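Based on the hints, put chain X in the right spot on chain B.
Letter by letter, the chains look like this.
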Amino acid sequence: SQQGEEDPQALSIQEGENATMNCSYKTSINNLQWYRQNSGRGLVHLILIRSNEREKHSGRLRVTLDTSKKSSSLLITASRAADTASYFCATYNYGGSQGNLIFGKGTKLSVKP
Amino acid sequence: EADIYQTPRYLVIGTGKKITLECSQTMGHDKMYWYQQDPGMELHLIHYSYGVNSTEKGDLSSESTVSRIRTEHFPLTLESARPSHTSQYLCASKYQGEAFFGQGTRLTVV
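Residue numbers (the numbering used here), protein chains in the order written: chain B, 1 to 113; chain X, 1 to 110.
For the record, the hints were derived by calculation from the structure and aren't laboratory data. It should be emphasised that the depicted structure is a prediction, and the values quoted were computed from it without experimental measurement. Just to be clear, a hint being listed does not mean it is correct.
What the hints assert, rightly or not - Computed from the model, here is a short list of chain B residues facing chain X with C-beta under 7 Å:
(1) Asn31
(2) Gly42
(3) Leu43
(4) His45
(5) Tyr92
(6) Asn100
(7) Leu101
(8) Phe103
(9) Lys105
Ideal Cβ positions, reconstructed from N, Cα and C, are used throughout, including at glycine.
Here chain B stands alone, though its shape is the one from the complex:
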């Protein structure tokens, strides 16, 4: 079963605007990660935030994590047309034997020039 649920499913913005995507999950986690997928390609790792962290930055990306609400957000500032892609959150927890990465449904971001 899917662990994460991204919101919104699709987002369309103008270049230069900020894009915010949210992710909710169900079980306890060790870390949460965000990935980007260009159309028809594999996923690329963007950022990882551990369960004991609340906020993390990487370039134009800002990720927050609220373990009490089991939610995370990804903010892309000053968006560019090249940011157009699908963004997935993935949770990692030591369930079962060694745990696996479970992905959400993704947010499809479209940045118009």
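Frame of chain B, contents of chain X only:
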């Protein structure tokens, strides 16, 4: 770019054929995964491996099988392809929590 490779990138085959999707990584990672993804949809874990001779089924039931005879190689096989197998198949390896993906194989069964 991660050193994980999938071949072929695109494959169109007839119903009933046996096919093997190849996945290789040169990073020496023990953990490897196969995900199935329909266009614009979520990823479903279908197989994983924690090392040589270790294979497990994932959350989504799949008629495919996998093997892990060498660390760097994790092929996926469909004994008899059906149109319902049409999808994109993504291979990944994982190290210290981070997953590295191949470019995917887009399979069409006609």
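Against the structure, the hints come out as follows:
Interface restraint check for Asn31 (chain B): the shortest CB-CB distance to chain X comes to about 6 Å, inside 7 Å, so the restraint holds. Because the smallest distance between the Cβ of Gly42 (chain B) and any Cβ of chain X comes to about 3 Å, under 7 Å, the interface hint for this residue holds. Interface restraint check for Leu43 (chain B): the shortest CB-CB distance to chain X comes to about 4 Å, inside 7 Å, so the restraint holds. Annotation: His45 (chain B) was flagged as interfacial toward chain X, and the flag holds, the nearest CB pair being 5 Å apart, inside 7 Å.
A distance limit of 7 Å between C-beta atoms decides the matter here; for Tyr92 (chain B) the minimum to chain X is near 6 Å, and the interface restraint holds. Restraint check, Asn100 (chain B) versus chain X: the minimum CB separation of about 6 Å is within 7 Å; hint holds. Checking Leu101 (chain B) against chain X by beta carbon gives a least distance of about 5 Å; that is within 7 Å, so the hint holds. For Phe103 (chain B), the suggested interface contact is upheld, since its CB lies about 4 Å from the closest CB of chain X, less than 7 Å.
Because the closest C-beta pair between Lys105 (chain B) and chain X is about 4 Å apart, less than 7 Å, the hint holds.
In terms of the numbered hints stated before, the structure departs from none.
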